[in-house]
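Asks: Taking the hints into account, I'd like the entire structure generated from these sequences.
In case you want the letters, here they are:
Protein chains: 2
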Amino acid sequence: MNVYFLPNENIKNHQIYVLIDLLRATSSISALLHCGAEEIFVTDDINMAKELKNMGYLLAGERGAIKLEGFDFGNSPLEFLNNSDKIRKKSIVLTTSNGSKAMKKINELGDTIALSLLNFSSVVDFIIQRDFQNIGIVCSGTNGVVSLEDSYLAGLFVQRIMEKQTYHLNDGAKVSLNLTNSKRSLIMNSDHAKRLKNLGLKDDLEFCFNMDLFQVVPYSKQNSYTFKNLITI
Amino acid sequence: MNVYFLPNENIKNHQIYVLIDLLRATSSISALLHCGAEEIFVTDDINMAKELKNMGYLLAGERGAIKLEGFDFGNSPLEFLNNSDKIRKKSIVLTTSNGSKAMKKINELGDTIALSLLNFSSVVDFIIQRDFQNIGIVCSGTNGVVSLEDSYLAGLFVQRIMEKQTYHLNDGAKVSLNLTNSKRSLIMNSDHAKRLKNLGLKDDLEFCFNMDLFQVVPYSKQNSYTFKNLITI
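Just so you know, the protein sequences line up as chains D and X, in that order.
For the working numbering, count along the first sequence from 1 and bump the result up by 22.
For the working numbering, count along the second sequence from 1 and bump the result up by 22.
It is worth saying that the hints were derived from the structure and are not from the lab.
Bear in mind that the values here come from a model prediction, so they are computed numbers and not experimental data.
All clues given are correct.
The list treats identical chains as one, so a pair stands whether inside a single copy or across any two.
Cross-link-like lysine-lysine pairs, in silico, BS3-like; alpha carbons within 27 Å at most:
hint	residue 1	residue 2
1	K205	K186
2	K34	K126
3	K111	K126
4	K89	K250
5	K111	K243
6	K127	K34
Replies: Written out as structure tokens, the structure reads:
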């Protein structure tokens, strides 16, 4: 089981990839699927997103944490929950600053699951149940640097999986395990978290730190860039 | 004070850069300067290294931890110490698998100091004495992935500097601080360390974990790629 702190690390072949962008892409994907979205197409290309609007997709996304002009939604789990009636059974395009770039790279390598705190135990249970032999956990980071909150979530995940099954851990996984005893308040004061607070997004930030609110497993087949929920709600 | 776990992170402008490749480039540079080498030219280009031989340089280096053919030395601090009579007052070219690639990137950004455990306190004292306002600490990693031993040394460095002066810490620095309580035995069992052991380089590996054996501050002016010792022996 390998942890990579950034998608531009030299990532090996794994049977399954677990993508992390706690603030906020993978939290958003979990919230959207919880609201009953049919599928989430993730792209880093804003123009492609806009083209898909004509095909009936709803548009969600941000750059620099700011909602994109002409989009139906930002990248806010709370906003999705407050609009679940509009989201149910819809196809959504999501484009974000960090997570969608990471997704592009990772989903080309293999099947990908989106992990957040909001759907933590659902993903853990799924991974253990399927008995994957070789797991790659990839953090999105923030603007090309390692992010504390993603590394922390990677560590929690490694810790929980290792309670059930034993894997060889790469150096990245060992580094992430050292973060699991950190105080939540330290993690909630990461560089990206501070930026969200400065933009008035404190509620959204705090919401992303709720554990196991949603029973969803967002799963994307290799090269599909599209998450669907493996758990029927 | 920012820590970057890999040289391909999005590295900001800093007044001074501290380069880390504990196994073994920055340990080797410290050992070479301790042995009285005049200067160490660091390059990732084996052909350039060979050309410099004709100009009187001694050649040191490896790929995949294996000494290069036709080179005077490998990348072994112990080997340098055992040959200090040949090294004294000489100019050396050093080319290694990870550290020399990192050096190329970092020294283009600014003046660079090489940090290892062997010269730990010398570098700490120098940084504090010069009162740098803005420090970038860059780990070389191993073949494009985060390495435990480099991240650990970064954490020790941040911790020691923070005892004397207060800096804003980026997320990477906070992650590295979490490693400082790790047992030395865990760090000495990192992926790269295991590889060195498998290659029969256990003595060299253990030697790199000696603290403060050498009073050297390897300093390279921006774009010179050449370390000289700021402390006269």
